[in-house]
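Taking this note's numbering, the leading residue of the sequence shown gets 827, the next gets one more, and so forth.
Don't take every hint at face value.
[To be verified] The calculated lysine-lysine pairs, modelled on DSS-like cross-linking and capped at a C-alpha distance of 25 Å, are: (1) K968 / K1016; (2) K1148 / K1086; (3) K959 / K1148; (4) K1098 / K872; (5) K1087 / K872.
[Stated by the list, open to error] Cβ pair distances, simulated, as ranges: (6) E1106 / K1214: 16 to 26 Å; (7) M865 / D1187: 34 to 44 Å; (8) K1297 / A1144: 24 to 34 Å; (9) E1127 / Y975: 31 to 41 Å; (10) V972 / S1094: 33 to 43 Å; (11) Q1199 / F1054: 19 to 29 Å; (12) Y1231 / S1025: 54 to 64 Å; (13) E1106 / D1015: 53 to 63 Å; (14) R1052 / N1133: 53 to 63 Å.
If you are wondering where the hints come from, they were derived from the structure by calculation, not from laboratory data. Heads up, the beta-carbon is just placed ideally off N, CA and C, and yes, glycines get one too.
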Amino acid sequence: MLVRLCQLKSLLLLLLILSSCARWNSQKKFDAPNELISMMNPQWFKPDGEHSLIGQNGTPEPHLFFDVDPEFSKDNRQVNVVITTPHDSAHKYQLDILSGQRHYAYSYCKEKRHPFSFGYIPRMLDQLGTPQKVIIFGDPNKVTNVMSYTFFRIKLVGAYVERSCPEGDCEINKNWFSRLVFIGVDIEDKRYKEVNELSDFVSRTPWIEMKATLENLDGKNVSGLRTFPFIQVSPTPLPFSDAFEFFKKHSIFLSESEMKKIQTGCFSLYEKLWTEVGVERPEDHPAKTIEELSARVKLREEIRKKNLPVGFAERFKAFTRKYYDESVTCNKFVFAGNLNKNPEKFWFLNHMLLFYRLHRDGFYFDCHHNSWQRNVFDTRGKPVYDIKQDIDRCDEKKIDVAMAYISNFLEGLKGQGDEYYRFIDYDNHVFGTHNKLYSWVRIPSKKFECKESDPNPVIKKEMRVYPEDVKWKERRIRDIESQLKIIY
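From just these sequences and the hints, can you work out the full model?
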């Protein structure tokens, strides 16, 4: 996973955004803010940007990851955090890093509550390339009403190691993903005001109870009729000094200059995808007469003489072979398109990037059999389907079919997978945040062993996974040439 972080920081405008994989710099100095609760100032999204999330009032939405400076102070162990799921919440909320917004993910069992809040340190990436997770103990009343537009100053007292199993039984397949999770306290809470060391914390909060809560809160994996652990937590927490030594070696802090380089490079990549692949060209236009058909044939011949790709499918294949890796990396962090400015461009980019994302996450479209499939590994440990090579099998008609079948494929994943994808325009679910996202999100789908009925199957069944009233714009040319082929 750390290799992927290095790749992120080694893409300079399309090929090399940054020159090296720089980790956390413990010598970096920050001025700690005086406010314990601070408002967010939208900077990541620009009002007139080609790739920007604009609110209903016409102003950019705040980005809850990039618009907050962590202002990490090692000396007094204080840092800014953003809350995702508040203390004792009945529901799980996640951060979508593309839109920078919180959204509803799933509901907990009624009898399972957590006496702490979940959050993360902004601009910090952990060992899995995800925002640095923190659990926060403190006054829940201060958090709930203002968490959607503020961040909080806390003190870190220790950490623990969290292992997650993506699917099945990881005790057998050894496919655990591990990361460090910090433990923080609200220094204004009377119960934790004098807590400075881990020993002070565990004397007030028994770790064995916290461990059990953390391991059971988010459900279990299912394989056949059996359930297996989804989350495992280290038997004992780590003191801050030990945790920080690991943290500074294996985590990444994104400075403002690095963030700007990443954003600029990804914007350039998205523009390249749109202008070189998405924008219709004269050779793409349907011919209505024999004369127009002859002119198009001549035009295509002239383009081929220049050794350039001809038609949408060839342009898409050329881009995929050259920029697939950069595209899936950018699509982890940088929002694509601006619905308010250019809807056609927005939907084209988001269809293309979803297509890439599904391939990155272990699926592929079989252009020979016209179906979406789960990728598998051969005896050498390599995926059977390699998009940069096998995309050559797809023409415009096959790509149109792939896009047309995505909605049904996503519905199938929702019904049977360990996770599923859904497009959220506004998080207007009854338990939602009502935030605007316009983004594809990936949501875990685990088994909840509730004493009462699990609320999630009914909730999930009603979830729409594909955006309403949105269709892929077909790229297959239907004109006089296809009619002549039928006649002759």
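We went through each hint and held it up to the structure:
no.: 1; hint: K968 / K1016; in the structure: 13 Å, holds
no.: 2; hint: K1148 / K1086; in the structure: 23 Å, holds
no.: 3; hint: K959 / K1148; in the structure: 34 Å, violated
no.: 4; hint: K1098 / K872; in the structure: 20 Å, holds
no.: 5; hint: K1087 / K872; in the structure: 15 Å, holds
no.: 6; hint: E1106 / K1214: 16 to 26 Å; in the structure: 25 Å, holds
no.: 7; hint: M865 / D1187: 34 to 44 Å; in the structure: 35 Å, holds
no.: 8; hint: K1297 / A1144: 24 to 34 Å; in the structure: 25 Å, holds
no.: 9; hint: E1127 / Y975: 31 to 41 Å; in the structure: 58 Å, violated
no.: 10; hint: V972 / S1094: 33 to 43 Å; in the structure: 37 Å, holds
no.: 11; hint: Q1199 / F1054: 19 to 29 Å; in the structure: 25 Å, holds
no.: 12; hint: Y1231 / S1025: 54 to 64 Å; in the structure: 57 Å, holds
no.: 13; hint: E1106 / D1015: 53 to 63 Å; in the structure: 59 Å, holds
no.: 14; hint: R1052 / N1133: 53 to 63 Å; in the structure: 57 Å, holds
Against the hints set out earlier in the document, violations occur for numbers 3 and 9.
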